[in-house]
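6 protein chains.
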Amino acid sequence: MIAVYPGSFDPLTKGHLDIVKRAVTLFDRLVIGVLDNAGKNTLFSLEERIALLREAVGGVQHVEVKGFDGLLVDFMKSNSSRIAIRGMRAVSDFDYEFQMALTNKGLYSEMETVFLVSRGEFTFISSSLVKEIFRLGGNVGELVPDCVVRALSGKFRNR
Amino acid sequence: MIAVYPGSFDPLTKGHLDIVKRAVTLFDRLVIGVLDNAGKNTLFSLEERIALLREAVGGVQHVEVKGFDGLLVDFMKSNSSRIAIRGMRAVSDFDYEFQMALTNKGLYSEMETVFLVSRGEFTFISSSLVKEIFRLGGNVGELVPDCVVRALSGKFRNR
Amino acid sequence: MIAVYPGSFDPLTKGHLDIVKRAVTLFDRLVIGVLDNAGKNTLFSLEERIALLREAVGGVQHVEVKGFDGLLVDFMKSNSSRIAIRGMRAVSDFDYEFQMALTNKGLYSEMETVFLVSRGEFTFISSSLVKEIFRLGGNVGELVPDCVVRALSGKFRNR
Amino acid sequence: MIAVYPGSFDPLTKGHLDIVKRAVTLFDRLVIGVLDNAGKNTLFSLEERIALLREAVGGVQHVEVKGFDGLLVDFMKSNSSRIAIRGMRAVSDFDYEFQMALTNKGLYSEMETVFLVSRGEFTFISSSLVKEIFRLGGNVGELVPDCVVRALSGKFRNR
Amino acid sequence: MIAVYPGSFDPLTKGHLDIVKRAVTLFDRLVIGVLDNAGKNTLFSLEERIALLREAVGGVQHVEVKGFDGLLVDFMKSNSSRIAIRGMRAVSDFDYEFQMALTNKGLYSEMETVFLVSRGEFTFISSSLVKEIFRLGGNVGELVPDCVVRALSGKFRNR
Amino acid sequence: MIAVYPGSFDPLTKGHLDIVKRAVTLFDRLVIGVLDNAGKNTLFSLEERIALLREAVGGVQHVEVKGFDGLLVDFMKSNSSRIAIRGMRAVSDFDYEFQMALTNKGLYSEMETVFLVSRGEFTFISSSLVKEIFRLGGNVGELVPDCVVRALSGKFRNR
Numbered sequence: 513m514i515a516v517y518p519g520s521f522d523p524l525t526k527g528h529l530d531i532v533k534r535a536v537t538l539f540d541r542l543v544i545g546v547l548d549n550a551g552k553n554t555l556f557s558l559e560e561r562i563a564l565l566r567e568a569v570g571g572v573q574h575v576e577v578k579g580f581d582g583l584l585v586d587f588m589k590s591n592s593s594r595i596a597i598r599g600m601r602a603v604s605d606f607d608y609e610f611q612m613a614l615t616n617k618g619l620y621s622e623m624e625t626v627f628l629v630s631r632g633e634f635t636f637i638s639s640s641l642v643k644e645i646f647r648l649g650g651n652v653g654e655l656v657p658d659c660v661v662r663a664l665s666g667k668f669r670n671r
Numbered sequence: 513m514i515a516v517y518p519g520s521f522d523p524l525t526k527g528h529l530d531i532v533k534r535a536v537t538l539f540d541r542l543v544i545g546v547l548d549n550a551g552k553n554t555l556f557s558l559e560e561r562i563a564l565l566r567e568a569v570g571g572v573q574h575v576e577v578k579g580f581d582g583l584l585v586d587f588m589k590s591n592s593s594r595i596a597i598r599g600m601r602a603v604s605d606f607d608y609e610f611q612m613a614l615t616n617k618g619l620y621s622e623m624e625t626v627f628l629v630s631r632g633e634f635t636f637i638s639s640s641l642v643k644e645i646f647r648l649g650g651n652v653g654e655l656v657p658d659c660v661v662r663a664l665s666g667k668f669r670n671r
Numbered sequence: 513m514i515a516v517y518p519g520s521f522d523p524l525t526k527g528h529l530d531i532v533k534r535a536v537t538l539f540d541r542l543v544i545g546v547l548d549n550a551g552k553n554t555l556f557s558l559e560e561r562i563a564l565l566r567e568a569v570g571g572v573q574h575v576e577v578k579g580f581d582g583l584l585v586d587f588m589k590s591n592s593s594r595i596a597i598r599g600m601r602a603v604s605d606f607d608y609e610f611q612m613a614l615t616n617k618g619l620y621s622e623m624e625t626v627f628l629v630s631r632g633e634f635t636f637i638s639s640s641l642v643k644e645i646f647r648l649g650g651n652v653g654e655l656v657p658d659c660v661v662r663a664l665s666g667k668f669r670n671r
Numbered sequence: 513m514i515a516v517y518p519g520s521f522d523p524l525t526k527g528h529l530d531i532v533k534r535a536v537t538l539f540d541r542l543v544i545g546v547l548d549n550a551g552k553n554t555l556f557s558l559e560e561r562i563a564l565l566r567e568a569v570g571g572v573q574h575v576e577v578k579g580f581d582g583l584l585v586d587f588m589k590s591n592s593s594r595i596a597i598r599g600m601r602a603v604s605d606f607d608y609e610f611q612m613a614l615t616n617k618g619l620y621s622e623m624e625t626v627f628l629v630s631r632g633e634f635t636f637i638s639s640s641l642v643k644e645i646f647r648l649g650g651n652v653g654e655l656v657p658d659c660v661v662r663a664l665s666g667k668f669r670n671r
Numbered sequence: 513m514i515a516v517y518p519g520s521f522d523p524l525t526k527g528h529l530d531i532v533k534r535a536v537t538l539f540d541r542l543v544i545g546v547l548d549n550a551g552k553n554t555l556f557s558l559e560e561r562i563a564l565l566r567e568a569v570g571g572v573q574h575v576e577v578k579g580f581d582g583l584l585v586d587f588m589k590s591n592s593s594r595i596a597i598r599g600m601r602a603v604s605d606f607d608y609e610f611q612m613a614l615t616n617k618g619l620y621s622e623m624e625t626v627f628l629v630s631r632g633e634f635t636f637i638s639s640s641l642v643k644e645i646f647r648l649g650g651n652v653g654e655l656v657p658d659c660v661v662r663a664l665s666g667k668f669r670n671r
Numbered sequence: 513m514i515a516v517y518p519g520s521f522d523p524l525t526k527g528h529l530d531i532v533k534r535a536v537t538l539f540d541r542l543v544i545g546v547l548d549n550a551g552k553n554t555l556f557s558l559e560e561r562i563a564l565l566r567e568a569v570g571g572v573q574h575v576e577v578k579g580f581d582g583l584l585v586d587f588m589k590s591n592s593s594r595i596a597i598r599g600m601r602a603v604s605d606f607d608y609e610f611q612m613a614l615t616n617k618g619l620y621s622e623m624e625t626v627f628l629v630s631r632g633e634f635t636f637i638s639s640s641l642v643k644e645i646f647r648l649g650g651n652v653g654e655l656v657p658d659c660v661v662r663a664l665s666g667k668f669r670n671r
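Protein chains in written order, with this note's numbering: chain A, 513 to 671; chain B, 513 to 671; chain C, 513 to 671; chain D, 513 to 671; chain E, 513 to 671; chain F, 513 to 671.
Possibly wrong hints are sitting among the right ones.
No distinction is drawn between identical chains; accordingly, a pair holds when it is met within one copy or between any pair of copies.
To be verified - Straight-line alpha carbon distances no greater than 20 Å define the calculated DMTMM-like cross-link-like pairs of lysine to aspartate or glutamate that follow: (1) Lys533 with Asp548; (2) Lys643 with Asp548; (3) Lys552 with Glu654; (4) Lys533 with Glu644; (5) Lys617 with Glu644; (6) Lys643 with Glu609; (7) Lys667 with Glu560; (8) Lys552 with Glu644; (9) Lys578 with Glu567; (10) Lys667 with Glu559; (11) Lys643 with Asp586; (12) Lys643 with Asp581; (13) Lys589 with Asp530; (14) Lys617 with Asp530; (15) Lys643 with Asp540; (16) Lys533 with Glu622; (17) Lys589 with Glu644.
Derived by calculation from the structure, the hints in this document are not laboratory data. On a predicted model such as this, the values are computed, not experimentally measured, just so you know.
When you get a sec, could you build the whole thing from the sequences and use the hints?
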C-alpha cells in the first residue's frame, strides 16, 4: 500500500517530519508530493523545497520525495496510490481539510484521506509562522530541522 | 497491520458501516471494539450491539467484532494493534476527538489514531439522532441497516 | 405563508421574543410550537411554558402558541407550514442546528429552516443561563419578560 | 415581500442555484445582487457574472439579476427590500456571516438577514474551489451549471 | 489587586496548578474559589477539593483557598476582588467561557475576566478526562499532583 | 507591573479604546505597541496610527503609545514588560490568538498573554470592517472615535 503526503512544505517543519515518520510505519511506502503551486508566492522554489525534504528524510526508509502540479488525484493515480496523508493540528483549518477530502473523493472515489494528529509539541507549528518569526529575527531552531535553519539564513541574507 | 475501530455503536448506523468497509481496505484486519460503557445508559445491551454489528458486517472479509471495557489502549495491545480508526463527521465534536487522540498517545506512545472522513450522505448521521427520530415515529430506513430497523422496532415495542 | 417557531422555551427569554417579533414581519402567520420534551426534565411544565408565551406575545398580531410532541415535521404539516424559524446566537451550537436542519429536510423535502440572527444585546441569553443565574440569586430582569420573572420567583419559592 | 440575494457569484455554482430556487418560494420576488467588488480580482467581469446568472435562472419566475456597488443596505433600500438571503454551508465562515448580519442590522435596523442551509450535496461547493479544480484540469460538471462550464473553458483558453 | 480563580477542581489538575502559579505573579493576591455546585454530582466533596488544593498550593505565597456557593460575582465582591482568572485550553468550550464573562460583566460592571492560556503540555488535561482514565485503570501521574493520585486511589478503593 | 497592548490599529476602534481603558485599571502602566508591519499594506502610516492613538487616549493616565517592528517579545523586554494584553471578540480568530500566545511563550518563557473579552456592543467591530464600511459610504461614527472619522475622511478624499 502506497501513501502520498502532499503539501507545500515552504518550508518543511518538525511537525511535517513527525507526520512523515509516523505515516511510513503505517503503509508500505510513502511518496511526499511537493506542490508546485505556481500561482502562489513561495519563499523557496520547488527545487529548494524538494532538496530540503530529501536532506531531512534521507535516513528514513521507504520514503520518496517528488514535485507535482495539477490535481492531487492525478498525482496519486500516477503513483498507484489511493491514500492521502494529512497532518491535523489543533489550531487547524479543519473545515478546509474536510472540504478538500470530500472534493477529492468526488474526483476519485477510491481515494481515502487519512488524518493523523500532530503530537503535542508540534501542534502549533506552521510554515507561515516559521517564516514570520525568522523574518523578525527570532530563533526557529526548535521548529524546523537544521537544514531549514541554514536555508532560511541563506534566503534572507540574499535579500 | 491490525486496526481497531472503537465505539459505542448504540446503534450501528450506515455511517459506521461505511467507515468499516473503507478501513478494511487500508489495513490487513479490522477489529471492531464495542465499548461496554457500563456507566452510561445505552438503548441496546453490549450483547445486542455486538450481534447487530456481526449481522451487518457478516459479508465483509477480515473484520471481527469484540466487546471491551477498560482503556482503549489496553484493548488495542491485547489485539496486537496500534492503529485506532475514527470516523470524522463534518458536524463533529472535533475537539473531543483531538483530545482523546493525544491522551491515548500519551498512554501508549506507538499508538496512532487515524481519522477517516464520513462520506457526504453519511456526514450528518449520529446514533443519538437515529434513536430520537425513531422514538418520535420517524423513518430511519435510510440511516441504519435493516437489522437495526428491526431491532429498534422490537426495542420500542417492548417498552 | 405560515411559519413555525419551535423550541422548549423553558423559560421564554427576551431573545426568543425578539425573534418572534421579527419573524412575524416576514411571514403571514407564526405558530410558536412548544416542545413537550417528555424525556427531559424541564423547570416549567408544558402548560406553564405555553401560558407564559401567550402572556408575553399577547399583543403581537398573527401569532399563535401551541404545544406539540413527536416529530417537528409532523407538527409543521398539521399546521400547513413548511417554514421553521430558528434564532441563531453567536454563542451557539451551530453544528447541532445545521444537523437538525438537514435531517428535517431529509424527512420533509419541502421544508425550509430559516435562521435569524439574534440582535447584539440578546446574543448571549440562553434559557439555561437564566435559570442558573436566578437559582443563585442573581437578577434576570433584563434577560426575560416580567411574567417570567414572576414565574421563576413562584417556582423557586415552592421548592 | 422582496428579498435580495447578494454575492460575488464568481462563478455561480449549483449551490447558489439551489438557494435561488428555494428562496423564491419563500418570498414574492427575489433580486439577485451581483457585487461589483472593484477592489478584488474576479475571474469573471461583473457583466459576465450577471449574464451567466441570467442564463442559469432564465426559467425561474419572479427572479431578477442586477449588479451593485456600494453598501448592501443601500442596494436593498433602492430595491424596496429589507430581507437579505444568505446560503450557509457546513464548511462555512459562520463567524464572518454573523458579523456581517449584525453590522448590516446596525446600518439599517429594519433589515433581516435570513440564512438558508445548503442541501447535503451542495454543502461543500464554493466558487473558489470550482476555479481551483478547473484550473488544474479537473471536471466541475457536477458543481456548476452547463453555461458556467462553457464560460470557464473559454476563460482559460483565452489565457 | 486581588484576583479570584473560580472552578470546580474535581479534582485539581497540573493544568490548574500551572494557572495558579502564573496568576499569582500577575496580581498581589489570589483567592482560589472552589464552587460548591450542590446540584451537580462531584467525585470529591467540597471539603476534599479544598483540602487537596491547600495541600498542592501549600508552598505558593499569597494564595488562599475558599469554598463558595451562590453567584461568582457575590463571592468576588465579598473578597474585594473584581478580577476573575480563567484558564483557556485549546480544546476548550470557548463559547461557554465567553458567555459567562459577558454575563458576569452584566451583573457586576467593574468585573474583568482575565483569560490565561494553558501551556502546551497542559493544554489537553481536563478534570473529567482524569477521572475517566483513572476509573479505567490508566496512569494519571503526569496529569495531576501526587496528593490527587492518592486521593483518587482512596476514592475508588472505597467504592 | 507594566503591560503591553500590541496591534496594528489600522485604524483604532472603540473596541480597542475599551480594552485600553480596562487594561489600565488592571496594571500599573500600559504601553500601546503599534506594529510597523512593513510587509503589509496599511491604510494609515505608522506615524498616523500612533498620532490617532495619542489623540484618543490623551486623557487616560499611565498610558503610552509607541511604534515597534521586529518580534513582540523583544519590544516587551525593552519595555520591561512580560504581560501582553489582547482583546478577544466573539467573532474572533481564536485559534490564531492561541497559536501566537503559545509561540510567544516559547520565545520568552516569563511572558503571559492576558485576554480580555470585548464588551457586548464592541464585540463585532474590527478595523477591516470599519474601513470596508467607510469606503462604501457607510457611517462609522458609532464604531470609531471622532478623530478617526476625520482621518478616514481625509484619507479617502485624497485618493
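Hint-by-hint comparison with the structure:
no.	hint	result
1	Lys533 with Asp548	neither (23 Å within a copy, 34 Å between copies)
2	Lys643 with Asp548	both (19 Å within a copy, 17 Å between copies)
3	Lys552 with Glu654	neither (27 Å within a copy, 27 Å between copies)
4	Lys533 with Glu644	neither (26 Å within a copy, 30 Å between copies)
5	Lys617 with Glu644	between (34 Å within a copy, 16 Å between copies)
6	Lys643 with Glu609	between (22 Å within a copy, 17 Å between copies)
7	Lys667 with Glu560	within (11 Å within a copy, 32 Å between copies)
8	Lys552 with Glu644	both (17 Å within a copy, 12 Å between copies)
9	Lys578 with Glu567	within (13 Å within a copy, 43 Å between copies)
10	Lys667 with Glu559	within (14 Å within a copy, 30 Å between copies)
11	Lys643 with Asp586	between (30 Å within a copy, 17 Å between copies)
12	Lys643 with Asp581	between (23 Å within a copy, 15 Å between copies)
13	Lys589 with Asp530	neither (25 Å within a copy, 23 Å between copies)
14	Lys617 with Asp530	between (26 Å within a copy, 14 Å between copies)
15	Lys643 with Asp540	neither (33 Å within a copy, 35 Å between copies)
16	Lys533 with Glu622	between (25 Å within a copy, 12 Å between copies)
17	Lys589 with Glu644	between (35 Å within a copy, 19 Å between copies)
Hint compliance for this structure: hints 1, 3, 4, 13 and 15 are broken, all remaining hints hold.
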